[in-house]
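Enquirer: Please take these sequences and the hints and turn them into a complete structure.
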Amino acid sequence: MTTGDLPVPFEPVRTEVVARYPPPPLRPDSEPLAEWRRYLMAARRYRWMVLGVTLLGTAAGVGLSLLLPPTYLARATVWIQVPSARARDIRDRGPIWQGQLPITSGWMDLLQTNVVLEDVVRRHRLYLTPRQPGDTDALATFGIKPHVRPALYRLVVDSIGKTFTLSDKKHLVQLHGTVGDSIGAELGFAWVPPSGTLTPGRLVEFTVVAPYEAAKLLAKRLKTSADADGNFLRLELGGSDPAEVTAIVNLVAERFVAIAADLKKENLQQLTGILSGQLERARDKLQSAEAGLKRFRVGAVTQYADGAAPVTPNMEFPRDPAFAGLLGMKVNREELRRDRDAIGRILAQRPDSGLAVDALATIGAVQKSTELSQALHDLTVKQAELRALRTRYADANPAVRRVAAEVAELERRAIPGLATSLTREMAFREAELAQRVDSAATDLRRIPPLAVEETRLEREVTRGEQAVASLQTLYEEARLAEVSAIPDVRLVDPAVQPEEPAENWRPLLIALAFLASLGAGVTGAAVLDHTDGRVHYPQQVTGAMGLPILGAVPHLARNGGTRKPDLLGGEAAEEQVLQATAYRTLTFLGSGTRTHAGPTLISSAALPRALAALRPGYDVIIVDSSPLAAGADAFALATATGSMLLVLRTGVSDRELAQAKLEVLQYLPIRVLGAVLNDVRLGGVYRYYSYYLEGYEATDEPAGAEGEVLRGPE
Numbered sequence: 001m002t003t004g005d006l007p008v009p010f011e012p013v014r015t016e017v018v019a020r021y022p023p024p025p026l027r028p029d030s031e032p033l034a035e036w037r038r039y040l041m042a043a044r045r046y047r048w049m050v051l052g053v054t055l056l057g058t059a060a061g062v063g064l065s066l067l068l069p070p071t072y073l074a075r076a077t078v079w080i081q082v083p084s085a086r087a088r089d090i091r092d093r094g095p096i097w098q099g100q101l102p103i104t105s106g107w108m109d110l111l112q113t114n115v116v117l118e119d120v121v122r123r124h125r126l127y128l129t130p131r132q133p134g135d136t137d138a139l140a141t142f143g144i145k146p147h148v149r150p151a152l153y154r155l156v157v158d159s160i161g162k163t164f165t166l167s168d169k170k171h172l173v174q175l176h177g178t179v180g181d182s183i184g185a186e187l188g189f190a191w192v193p194p195s196g197t198l199t200p201g202r203l204v205e206f207t208v209v210a211p212y213e214a215a216k217l218l219a220k221r222l223k224t225s226a227d228a229d230g231n232f233l234r235l236e237l238g239g240s241d242p243a244e245v246t247a248i249v250n251l252v253a254e255r256f257v258a259i260a261a262d263l264k265k266e267n268l269q270q271l272t273g274i275l276s277g278q279l280e281r282a283r284d285k286l287q288s289a290e291a292g293l294k295r296f297r298v299g300a301v302t303q304y305a306d307g308a309a310p311v312t313p314n315m316e317f318p319r320d321p322a323f324a325g326l327l328g329m330k331v332n333r334e335e336l337r338r339d340r341d342a343i344g345r346i347l348a349q350r351p352d353s354g355l356a357v358d359a360l361a362t363i364g365a366v367q368k369s370t371e372l373s374q375a376l377h378d379l380t381v382k383q384a385e386l387r388a389l390r391t392r393y394a395d396a397n398p399a400v401r402r403v404a405a406e407v408a409e410l411e412r413r414a415i416p417g418l419a420t421s422l423t424r425e426m427a428f429r430e431a432e433l434a435q436r437v438d439s440a441a442t443d444l445r446r447i448p449p450l451a452v453e454e455t456r457l458e459r460e461v462t463r464g465e466q467a468v469a470s471l472q473t474l475y476e477e478a479r480l481a482e483v484s485a486i487p488d489v490r491l492v493d494p495a496v497q498p499e500e501p502a503e504n505w506r507p508l509l510i511a512l513a514f515l516a517s518l519g520a521g522v523t524g525a526a527v528l529d530h531t532d533g534r535v536h537y538p539q540q541v542t543g544a545m546g547l548p549i550l551g552a553v554p555h556l557a558r559n560g561g562t563r564k565p566d567l568l569g570g571e572a573a574e575e576q577v578l579q580a581t582a583y584r585t586l587t588f589l590g591s592g593t594r595t596h597a598g599p600t601l602i603s604s605a606a607l608p609r610a611l612a613a614l615r616p617g618y619d620v621i622i623v624d625s626s627p628l629a630a631g632a633d634a635f636a637l638a639t640a641t642g643s644m645l646l647v648l649r650t651g652v653s654d655r656e657l658a659q660a661k662l663e664v665l666q667y668l669p670i671r672v673l674g675a676v677l678n679d680v681r682l683g684g685v686y687r688y689y690s691y692y693l694e695g696y697e698a699t700d701e702p703a704g705a706e707g708e709v710l711r712g713p714e
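First residue of the sequence shown: 1, per the working numbering; consecutive thereafter.
Treat the hints as calculated values from the structure; they're not laboratory data.
Keep in mind that the hints are not guaranteed to be accurate.
With beta-carbon atoms standing in for the labels, derived distance ranges [stated by the list, open to error]:
#: 1; residue 1: Gln81; residue 2: Pro494; range: 53 to 61 Å
#: 2; residue 1: Val527; residue 2: Arg122; range: 38 to 46 Å
#: 3; residue 1: Gln132; residue 2: His171; range: 33 to 41 Å
#: 4; residue 1: Ala226; residue 2: Ala151; range: 34 to 42 Å
#: 5; residue 1: Gly519; residue 2: Pro194; range: 38 to 46 Å
#: 6; residue 1: Lys661; residue 2: Gly519; range: 33 to 41 Å
#: 7; residue 1: Ala60; residue 2: Ala226; range: 40 to 48 Å
Listed below are the simulated DSBU-like cross-link pairs for lysine-lysine, each with C-alpha atoms no more than 30 Å apart in a straight line [claimed, not checked]:
#: 8; residue 1: Lys382; residue 2: Lys285
#: 9; residue 1: Lys223; residue 2: Lys145
#: 10; residue 1: Lys382; residue 2: Lys265
#: 11; residue 1: Lys162; residue 2: Lys145
#: 12; residue 1: Lys170; residue 2: Lys265
#: 13; residue 1: Lys265; residue 2: Lys223
The beta-carbon is built from N, C-alpha and C at its ideal position, and this holds for glycine as well.
Expert: And the structure:
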């Protein structure tokens, strides 16, 4: 190679004019506003995809809303007679209080028990669910016995309509029979399908659940609420069939009222029975006391000839207050000792046989104790309530367990504690009376023992008469309350079939489907934009590639393709290839025809000589080259000129490929001036790179524009 083949030194193009008006600075990519703008640009670029996803999702929401049935709500109101606070504080009010005896187990618990709901389940056949709505005709007469086997069943009729096969889902049950006979009696079914419903080849699938399970599901669906005073209980049930939910709510309310009335009646009956038993035992004890007094007086006659009259030898001391007081102290001491021993015996046998309420209530000291007698009365009422509840519910029922716990609390803690405190008080009083009796021992020796015994027996008879009279009063009050009991619960506002759905989720579902599909479309556009390796935004050039943007060429529909003979090949002179344009200072030189020697000519010394020859006549020489990925032509041309201006087409140029080629330029004597964005849609993020104002766009002037002149007003 000779020195003539080397490139001729070429003065780089002056870029002072280009750099004199730099574009406005761009905002950093990390700003949230720029990120959101990029998302909007991505959604705009993939607008057809976003629109398609949105329409498809909205259509799916509309379809789902049509499948979603409306919800109808049926409401009923029940009035509950709740005793006032004053009535609850006053004890033993007589027949009026007994007539308003509350069921303290709770109305809410009573409403959700199987006693109320299971009857509703059986009457409305909520235990049965056909798989297909068209099978309701064959299941119209379906019923169950007290015990049924729950499962998913399939009834298949043969091809001639004579026999059927009933089986469950797990094929553990398989029964055969003749069409027209009873079906599933062994499984607890009471079912004879109507004639003509079991046609040849018909398949009927249905699900049967246990009534108590259906009652539990109904309890979950049934919403209850009460006012602050507890006088009104509201029932609410929702469903897709307005007639069905209305009938169910009314039936639940009616069943609730009936069960509440029965429980109150049974409660009063149990209370009457308990009081009747206590009255009989009090009468027996009174008769025993009267018989004891009678036997004592008969025995005393044999010792004193004066008969059953005063048993003392003289008639003076009974009328003497001093002797009468001494006699009373001695009798009281004996009574305290007897009552204390009786209470002790009752408390000692409590762990095995339970608390003997009747025996404890007949003790004189217990009758005089206000707290203990009231506790015994409360225990009697609770026991009556517990017996009434056990006639309806099992022991595992929450209401039964709560009342049983209250009874156990009274029997095991409250009453024994009060009785123990009473025995300690009685022991203290007995010791005090013993001291007083011992201090008057001389005077007491004058009192015959028979007088003391007679006085004690007379007091037992008096206490027995008082106990019988008190229990007789309570018994009569309980009987009167039982006969004249007024129901505590009434249905004041039955449910009316609703005409309009209470909850319409269709608009909300459609709106959610629209928003979700729109979000999915925008998200998909953002993902596609993030994974797209092409150049779309100025930030990708200035940030990732590190090139300043020197300008932007707008999108034009016209294209140029001028071809002239090669200047480098010596086939044409300089004057022949230079083409004048409509602009005086702009000259165009075409690339010429393609030949196999083209790459060799670009890399030879002919290119620098041609540029050096053209340099004196022009301020700036711009050489267009093939893309960087097309070969080494671009690198050879840039080496010859000394500078490179990278042209990137938005939406077409591969960003990663351009970055790889820029790394190669670092090892060549090439100064990269910046980048020019081609095929730019002006506006948006490219509005800063527009060279045109309104009226100066790159458009063709209309014909005859040269003849238009400005005219003054005439």
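Enquirer: So, for every hint listed, does it hold in this structure?
Expert: Against the structure, the hints come out as follows:
{"no.": "1", "hint": "Gln81 to Pro494: 53 to 61 Å", "in the structure": "18 Å, violated"}
{"no.": "2", "hint": "Val527 to Arg122: 38 to 46 Å", "in the structure": "57 Å, violated"}
{"no.": "3", "hint": "Gln132 to His171: 33 to 41 Å", "in the structure": "21 Å, violated"}
{"no.": "4", "hint": "Ala226 to Ala151: 34 to 42 Å", "in the structure": "39 Å, holds"}
{"no.": "5", "hint": "Gly519 to Pro194: 38 to 46 Å", "in the structure": "53 Å, violated"}
{"no.": "6", "hint": "Lys661 to Gly519: 33 to 41 Å", "in the structure": "38 Å, holds"}
{"no.": "7", "hint": "Ala60 to Ala226: 40 to 48 Å", "in the structure": "43 Å, holds"}
{"no.": "8", "hint": "Lys382 to Lys285", "in the structure": "25 Å, holds"}
{"no.": "9", "hint": "Lys223 to Lys145", "in the structure": "29 Å, holds"}
{"no.": "10", "hint": "Lys382 to Lys265", "in the structure": "15 Å, holds"}
{"no.": "11", "hint": "Lys162 to Lys145", "in the structure": "26 Å, holds"}
{"no.": "12", "hint": "Lys170 to Lys265", "in the structure": "48 Å, violated"}
{"no.": "13", "hint": "Lys265 to Lys223", "in the structure": "27 Å, holds"}
The structure shown violates the earlier hints numbered 1, 2, 3, 5 and 12.
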